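J.: Sequence:
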Amino acid sequence: MTSALAVSGDALERRQKRAVTDVLVAAVLFAGCNVAWRYGAGPAIGIVGIRVALGAVVAGGIGKRQRAGSWRTPLRIRSGRTAVLISVLGLIAAGTMFRSLDGPLAGLAVACVPAVALLVRDRSGPLATAAALGSSLIAIVGLTAAAGGVGPDSVSWAAAASAVIFVGLEVASLRTSEIAVEDGLNPTAIVTASMVVGAIFLFPVSIVMGLLRDPSTLWSAAAAALAVALFGTIGRVLRTAALPAAGVPAVAASSQVNALFTAIGGVLIVGDDASIPSLVCTAMAAVLGATAVVSATRWRLRRDPELGDALDVVAAHPDGRIG
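Once you know that position 103 of the sequence shown is 818 in our numbering, the rest is easy, because the numbers rise by one and skip nothing.
The set of hints was computed from the structure by calculation and includes no laboratory data.
A portion of the hints provided could be inaccurate.
Unchecked claim - Pairwise CB distance ranges (calculated): (1) R836 with A726: 25 to 35 Å; (2) S990 with A876: 26 to 36 Å; (3) V831 with A938: 39 to 49 Å; (4) E897 with R780: 20 to 30 Å; (5) L852 with T736: 20 to 30 Å.
Remember, predicted model here, so these are calculated numbers, not experimental data.
Idealized CB from N, CA, C, for every residue including glycine.
My request is simple: use the sequences and hints to build the entire structure.
T.: Okay, structure coming up:
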């Protein structure tokens, strides 16, 4: 790892800007994923399977360009294996949730992620902590107002359970990926390993389910999965590299930026209805989420510049770790 003394003031500032940019750009890309999840016929597990297969190709291309090392490297280390497993489970939960829940309830699950992430022992500074918690509270108020006309019978127990599981896995995925990167694993290699492992287990299921149920759904599922794979994989690479610098609570708070652009995309592309109060609350939560990212990144990197090592695109060592 880089010595703290070796990081100049200019280099530290560049790392801060890079981390903030990567996290916020990733949040916007994930919003594109959320909208794309709603397209394509067939079961959620089918789209997830095709998504991870395409994602493996995208991540592999990025890794080759960055000389990130083999995707097998994270699987040789305990923290890497844990991060990969949790990431795959999180992808399944996300796909199930966004395809089975109405927008307000799915948004409510996303809004709770920053508050739950504060339970993780990952210090981000008082301002970032307050902003992350505030973003969740405001988002929940706005989403409750938006869901006022939704009857309880419209949501199944299985769908509600998928939302709860999604929140837990999302936070766990952030934390385990952060630990793996801090252990020296290349973030792109971690993402690639997650996609490859997911594809090995889920892609055959997608093909079988598509062919047995309705072969025509395979093509529509592939079209939706392509958009999710492009946006989601690039977003995961950016976010994973920035996790140590920004911290889990702040990165989780960026989900409010995700929620804002998801709402905008839903209105403009899908034709969703949205009330003015809910949009105002969503925008306020997004501002607080972005504030948490900026504040946490500055607070953490000033105390430990080494947390930004993964942001530097460098060649991997022979063992696949970052230099």
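J.: Against each hint, give a clear statement of whether it holds in the structure.
T.: For each hint, the structure was consulted:
In this structure, R836 and A726 meet the distance hint of 25 to 35 Å, their C-beta atoms being roughly 28 Å apart. For S990 paired with A876, a C-beta distance near 27 Å keeps the hint of 26 to 36 Å intact. In this structure the supplied range 39 to 49 Å is violated for V831 paired with A938, their Cβ-Cβ distance being about 33 Å. Between E897 and R780 the CB atoms are about 24 Å apart, so this pair conforms to the stated range of 20 to 30 Å.
Between L852 and T736 the C-beta distance comes to about 26 Å, which sits within the given range of 20 to 30 Å.
This entry does not satisfy hint 3, going by the numbered hints stated previously; all others are met.
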